[in-house]
Amino acid sequence: MSSCSSYREVVDNMNTEYEVLSSVLKESRGNIYYKTIIEEGNIPIESYIENKYLEFYLCSNGVDSPVKIPKEEVAFLKQKVKSVSVQRIDKLFPNLKEKTTKKKERLVTSFISMPILFRNNTMAIYYSTQTYGGEFKLLQKVNGEWETICANSVWIE
Numbered sequence: 025m026s027s028c029s030s031y032r033e034v035v036d037n038m039n040t041e042y043e044v045l046s047s048v049l050k051e052s053r054g055n056i057y058y059k060t061i062i063e064e065g066n067i068p069i070e071s072y073i074e075n076k077y078l079e080f081y082l083c084s085n086g087v088d089s090p091v092k093i094p095k096e097e098v099a100f101l102k103q104k105v106k107s108v109s110v111q112r113i114d115k116l117f118p119n120l121k122e123k124t125t126k127k128k129e130r131l132v133t134s135f136i137s138m139p140i141l142f143r144n145n146t147m148a149i150y151y152s153t154q155t156y157g158g159e160f161k162l163l164q165k166v167n168g169e170w171e172t173i174c175a176n177s178v179w180i181e
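All residue numbers for the sequence shown refer to my numbering, where the first residue is 25 and numbers rise by one.
Derived by calculation from the structure, the hints in this document are not laboratory data.
Treat the hints with caution; some may be incorrect.
[To be verified] When the alpha-carbon atoms are kept at most 30 angstroms apart in a straight line, the in silico DSBU-like pairs for lysine-lysine are as follows:
no. : residue 1 : residue 2
1   : Lys59     : Lys106
2   : Lys126    : Lys115
3   : Lys59     : Lys121
4   : Lys123    : Lys165
5   : Lys121    : Lys104
6   : Lys102    : Lys165
7   : Lys50     : Lys115
8   : Lys50     : Lys92
9   : Lys59     : Lys115
10  : Lys50     : Lys121
11  : Lys123    : Lys50
12  : Lys59     : Lys104
13  : Lys76     : Lys165
14  : Lys106    : Lys123
15  : Lys76     : Lys115
16  : Lys128    : Lys92
17  : Lys95     : Lys126
18  : Lys165    : Lys50
19  : Lys165    : Lys121
20  : Lys127    : Lys95
21  : Lys50     : Lys128
22  : Lys128    : Lys115
23  : Lys76     : Lys121
24  : Lys95     : Lys165
25  : Lys165    : Lys59
26  : Lys106    : Lys121
27  : Lys165    : Lys106
28  : Lys95     : Lys76
29  : Lys95     : Lys115
30  : Lys50     : Lys106
31  : Lys92     : Lys115
32  : Lys128    : Lys95
33  : Lys59     : Lys127
With these hints in hand, go ahead and build the complete structure from the sequences.
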């Protein structure tokens, strides 16, 4: 693979990540913290990438359902989450600035991670948390638009 095609692939992935993030912001009621997160309560989000937290079976409609994430993909997602850094959402999407906040208000503010793309950029997953817990949200690109197809709560003991 040439360096130009590698660079183009990285840029395409970034653009798709921003597409997903833009979709998440547009769907939100606002009050998303202006920076993405990479940890919750000093625990890296990668620690939550486990089979039990990525079971979206309640949203499944069969054996070949896109919501089923095999162990190989769980390992891939865990590796990808490790490489994610904090991003300023308000700077990435100045036209959606009203959807973000710099206030960490209890019961009001949501915190989200950068989305991780997989399955040839047709699926994405991100972590979202509020006062009473977090969840992984699974998105799929349908007819050119990103749609949330399932969410699974993360219960940390």
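Status of the hints after comparison with the structure:
1. Pair hint Lys59 plus Lys106 holds up; C-alpha atoms about 17 angstroms apart against a cutoff of 30 angstroms.
2. With a CA separation close to 12 angstroms, the supplied pair Lys126 and Lys115 stays within the 30 angstroms bound.
3. In summary, the hint linking Lys59 to Lys121 is supported, as the alpha carbons are separated by about 12 angstroms, within the 30 angstroms threshold.
4. Simply put, Lys123 and Lys165 have alpha-carbon atoms about 22 angstroms apart, close enough for the 30 angstroms limit, and the pair holds.
5. Pair hint Lys121 plus Lys104 holds up; C-alpha atoms about 27 angstroms apart against a cutoff of 30 angstroms.
6. A C-alpha spacing of about 21 angstroms is found between Lys102 and Lys165, which places the hinted pair at or below 30 angstroms, so the restraint holds.
7. Of the pairs offered as hints, the one joining Lys50 and Lys115 holds, with about 15 angstroms between alpha carbons and a cut-off of 30 angstroms not exceeded.
8. In summary, the hint linking Lys50 to Lys92 is supported, as the alpha carbons are separated by about 26 angstroms, within the 30 angstroms threshold.
9. The suggested pairing of Lys59 with Lys115 holds, with an alpha-carbon distance near 9 angstroms, which does not exceed 30 angstroms.
10. At roughly 11 angstroms between alpha-carbon atoms, Lys50 and Lys121 fall within 30 angstroms of each other, so this suggested pair holds.
11. The straight-line distance between the Cα atoms of Lys123 and Lys50 is roughly 8 angstroms, inside the 30 angstroms bound, and the hint therefore holds.
12. Note on Lys59 and Lys104: the hinted pairing holds, with a Cα-Cα distance of about 19 angstroms set against a maximum of 30 angstroms.
13. Simply put, Lys76 and Lys165 have alpha-carbon atoms about 24 angstroms apart, close enough for the 30 angstroms limit, and the pair holds.
14. In summary, the hint linking Lys106 to Lys123 is supported, as the alpha carbons are separated by about 26 angstroms, within the 30 angstroms threshold.
15. Distance check on the hinted pair: Lys76 and Lys115 sit about 34 angstroms apart at the alpha-carbon level, beyond 30 angstroms; violated.
16. Taking the CA atoms of Lys128 and Lys92, the gap is near 34 angstroms; set against the 30 angstroms cutoff, the hint is violated.
17. Between Lys95 and Lys126 the alpha-carbon distance is near 37 angstroms, which puts this suggested pair outside the 30 angstroms criterion.
18. About 15 angstroms separates the Cα atoms of Lys165 and Lys50, which keeps this hinted pair within 30 angstroms; it holds.
19. A hinted pair counts as satisfied when its Cα atoms are at most 30 angstroms apart, and Lys165 with Lys121 qualifies at roughly 24 angstroms.
20. The hinted pair formed by Lys127 and Lys95 fails the criterion: a straight-line CA distance of about 37 angstroms is larger than 30 angstroms.
21. Distance hint between Lys50 and Lys128 is fulfilled; the C-alpha atoms sit about 20 angstroms from each other, no more than 30 angstroms.
22. Restraint check for Lys128 and Lys115: satisfied, since their Cα atoms lie roughly 18 angstroms apart, inside the 30 angstroms limit.
23. The suggested pairing of Lys76 with Lys121 is violated, with an alpha-carbon distance near 34 angstroms, which exceeds 30 angstroms.
24. For a cut-off of 30 angstroms, the pair hint linking Lys95 to Lys165 stands: about 22 angstroms separates their Cα positions.
25. A distance of roughly 24 angstroms separates the Cα atoms of Lys165 and Lys59; the hinted pair therefore holds under the 30 angstroms criterion.
26. About 27 angstroms separates the Cα atoms of Lys106 and Lys121, which keeps this hinted pair within 30 angstroms; it holds.
27. Among the hinted pairs, Lys165 with Lys106 is consistent with the structure: their alpha-carbon atoms are about 24 angstroms apart, no more than 30 angstroms.
28. Our distance criterion of 30 angstroms between C-alpha atoms is met by Lys95 and Lys76, whose separation comes to about 11 angstroms.
29. At most 30 angstroms may separate the alpha-carbon atoms for a hinted pair to count; Lys95 and Lys115 exceed this at roughly 35 angstroms.
30. Restraint check: the Cα-Cα separation between Lys50 and Lys106 comes to about 26 angstroms, which is no more than 30 angstroms; the hinted pair holds.
31. At roughly 34 angstroms between alpha-carbon atoms, Lys92 and Lys115 are farther apart than 30 angstroms, so this suggested pair is violated.
32. Pair hint Lys128 plus Lys95 does not hold up; C-alpha atoms about 35 angstroms apart against a cutoff of 30 angstroms.
33. A distance of roughly 11 angstroms separates the Cα atoms of Lys59 and Lys127; the hinted pair therefore holds under the 30 angstroms criterion.
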